Amino acid sequence: MLEVQIKKKLPHFLVDINLTVEDEILVLVGPSGSGKTTILNAIAGLDHPDDGRITLNGNIFFCDNEKPLPTQQRNIGYLFQDYALFPHMTVEKNIAYGVKKMNAIEAEKRIERLVNTLGINHLLSKYPHQISGGEKQRVALARALATEPSLLLLDEPLSALDSRTRLECQEELQRLHATWKTPFIIVTHDMQEAEKLGDKIIFLESGLITKTVDNRSGKMIC
Amino acid sequence: MTDYSPLLLSLKVAGISTFFVFIFGVFFAHLFSRKKFFGKSIIESLFMLPLVLPPTVVGFGLLILFGKNGFIGSWLLNWFDFQVVFTWIGAVIASIVVSFPLMYQSAAAAFESLDARMENAARTMGASNWRVFWTISFRLAWPGLLAGLVLSFARGLGEFGATLMLAGYIPGKTDTIPMAIYFAVESGQMEKATFWVVIIVALGFSTIMWLNWWSRRNIERYKNDNA
Amino acid sequence: MKKIIYFLVMIFFVLLLIGCTPEDKEEKTTLMISAAASLTDVLNELKPVFEDEHPSIELTFNFGGSGKLAQMIIQGAPSDVFLSASESDMDKLQVEDMILKETRVNFAENELALIANKNQPVKVSSFDEISSATVEHLAIGEPESVPVGRYTKQVLEHLELWDSLQGSLVLSSDVRQVLTHVELGNADVGIVYASDALRSGKVTIVATADSDWHDPIMYPGAVVSDTSHSKEAKLFLAFLTSEKGQELLHKHGFK
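These protein sequence lines map, in sequence, to chains B, Y and Z. Mapping of the first sequence onto our numbering: residues 270 to 491, in sequence order. Mapping of the second sequence onto our numbering: residues 6 to 232, in sequence order. Mapping of the third sequence onto our numbering: residues 76 to 330, in sequence order.
Everything labelled a hint here was simulated from the structure, so no lab data went into it. Here the structure is a predicted model, which means the values were calculated and not measured. Careful, some of the hints might be misleading.
What the hints assert, rightly or not - In silico lysine-lysine, BS3-like type, Cα no more than 27 Å apart, as pairs:
hint	chain 1	residue 1	chain 2	residue 2
1	Z	K306	Z	K143
2	B	K450	B	K465
3	Z	K330	Z	K122
4	Y	K40	B	K278
5	Z	K277	Z	K193
6	B	K278	B	K370
7	Y	K40	B	K336
8	B	K362	B	K395
9	Z	K309	Z	K143
10	B	K336	Y	K41
11	B	K276	Y	K41
12	Z	K228	Y	K197
13	Y	K40	B	K276
14	Y	K45	B	K336
15	Z	K228	Y	K178
16	B	K278	Y	K41
17	Z	K167	Y	K197
18	Z	K198	Y	K178
19	B	K278	B	K480
20	Y	K45	B	K278
21	Z	K143	Y	K197
22	Z	K277	Z	K326
Chain B on its own, in the form it takes in the complex:
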């Protein structure tokens, strides 16, 4: 379970949110510049809140007066907008980048499984600039999941794709979540996508939560 309760001053407004995520898909919806990426970055440890508290399964990521846990030790997967694949490495190297050397055989099997599920077997020896947008998205997903993260953050994961690929990838994500069973946080500004993917949807505006909807029951929580 992920618990986030943070405050951070941004140039135009104050981000002040309080949310918990079980092993479910949480979708953050809001116009651009409403503080969505700031929240993801705070959870990932790439940026720190002014105060508050972030914990994942009892593990303290951030707490007011303590030194924040470095990104490297948080064991999260982060799918960046536009994917941020390493241009100088093949798809295979990209995916294997975060895998610890220690249990190589096990890791190899895991990657093989991932690659097969995502159907990117034929791309392994290619470089990122040689593959299409949808393929990049899958490679980036494989890369984020290859480290067996206990939390997956996805920043506008599907915005760069055409509508058909988009549909495929949405299903892909749901399937992955069903097998992975860790919290997913997806940031989007597309309402339809939010309704399709989310177990829970949180609406953000200027750094504040305007409403939270339990999408499976359709009930408004607050």
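Mind docking chains Y and Z on chain B? Use the hints.
Using the frame of chain B, we list chains Y and Z on its own:
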């Protein structure tokens, strides 16, 4: 029979100086690239200073620091019995100081233009800062770093003013190609001067030529990268 | 764009300021003297004395290496008097008819001095004590291109020291560098003109070279042919060789 020692000495001095300049330049450029702190612009201006100062001023400053009675020079002499002035090491130091700005500037520009998400992505995958630097930042900044490296080497090869002050002109010990040229011209030995001019022009031209060719090829290769 | 305009306005004001500098009311004759750099101090001291004596003449100096100055005069740089530190450079002008031959005069002579740092004891007290055992670094002018270096080489060859000293010689591109090396204590000793040694407060003269160990170090002066103020130019040369002029030259280490 021509004495080729100036060529060997020049290559040795420029090579060793470039090695240190590259390490220091990359280190400081990376250290400063994503940080904002008080006095950063002051330090950066200090780094760039040798680029705009007359070489003799740089040379005089180095003499004051590294001379037998200088701040650093006397310390080196007392503790390590090591003298910089009037040795080829003095030429290396002069060359380091004048070519450092070129390396720093290239490296700083290269690191600053990096996509921060690349490094962040590596971090979320558990890579240590050292690994992030080595496998991501350094590799992606490499074209810019290489440009700095080559320019520093070329600058070191051509360095004259500060070197003459710090290393002196001792035939057979500290006579680099630019010194050989200068004194040959001044004393009217045009044949000797021309010989060395041809060599240094060929060296400088081919290094820069190669850099241009290499970076063009490199740009082609990564062209479709920023999708 | 704004910056460019700002910059142009700044330049405009600077030009305005320069333009406003008050000009002399009475007509004065300005003499342009091209002089060897080693004469800088003595000529600057001599200037007010001369101008007091000749209120209608104003002196302007262009200091530089004698060879370069000669080159500039041949190229047509405006100059009324040429004061050279070497006879060969003056000869060059004379061959080209660039000077008035009859005005040529040797107005000063220099000596070679062995100098050491004031605060650093040295093991030598005369030229013939110099050896690679007593001296680690001897700073001199480069013998092929720097006049003082040429005389130095003559002295060291005369004393049969030149070959044995090869590894200890630090060759410099001008006298100033030789002085710097000794002033900072990097070279134990150096050899410069006596007049240059006197200019530096941080070195002392250990010994001076016998004048028959080297060619005479003469300073010839002459009026440049192109001058339109030959009368005033001759007055200046006469002043240099006068008692007052010579006294000042002696004070600055010239003979």
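query = Are K278 (chain B) and K370 (chain B) close enough, with their CA atoms no more than 27 Å apart?
reply = Status violated; Cα separation ~40 Å.
task = Mind checking the alpha carbons of K277 (chain Z) and K326 (chain Z) for me, to see if they're no more than 27 Å apart?
result = holds, 18 Å
query = Within a Cα-Cα threshold of 27 Å, do K276 (chain B) and K41 (chain Y) meet the stated pairing?
reply = Status holds; Cα separation ~23 Å.
inquiry  = Tell me if the straight-line CA distance from K45 (chain Y) to K336 (chain B) falls inside 27 Å.
reply    = This hinted pair holds, its Cα atoms lying about 25 Å apart.
Holds or violated: K309 (chain Z) to K143 (chain Z), with C-alpha atoms at most 27 Å apart = holds, 23 Å
key: 27 Å Cα cutoff - pair K45 (chain Y), K278 (chain B)   = Holds: K45 (chain Y) and K278 (chain B) sit about 25 Å apart, inside 27 Å.
task = Measure nothing beyond the straight line between the CA atoms of K40 (chain Y) and K336 (chain B); if it is 27 Å or shorter, mark the hint as holding.
result = holds, 19 Å
query = Keeping to a limit of 27 Å between CA atoms, is the pair of K330 (chain Z) and K122 (chain Z) held or broken?
reply = With Cα atoms ~19 Å apart, K330 (chain Z) and K122 (chain Z) stay inside 27 Å; holds.
query = Does the structure keep K278 (chain B) and K41 (chain Y) at a Cα separation of 27 Å or less?
reply = OK: K278 (chain B) and K41 (chain Y) at ~19 Å, within 27 Å.
inquiry  = For K277 (chain Z) and K193 (chain Z), compute the direct alpha-carbon distance and say whether it is at most 27 Å.
reply    = Given that 27 Å is the threshold and the Cα spacing comes to 6 Å, the pair holds.
request  = Below or equal to 27 Å on CA atoms is what counts here, so check K362 (chain B) against K395 (chain B).
outcome  = Satisfied, since the Cα-Cα distance of roughly 10 Å is no more than 27 Å.
Hinted pair K167 (chain Z) and K197 (chain Y), Cα distance within 27 Å = holds, 24 Å
Going through the hint list in order, the structure does not satisfy hint 6, though it satisfies all others.
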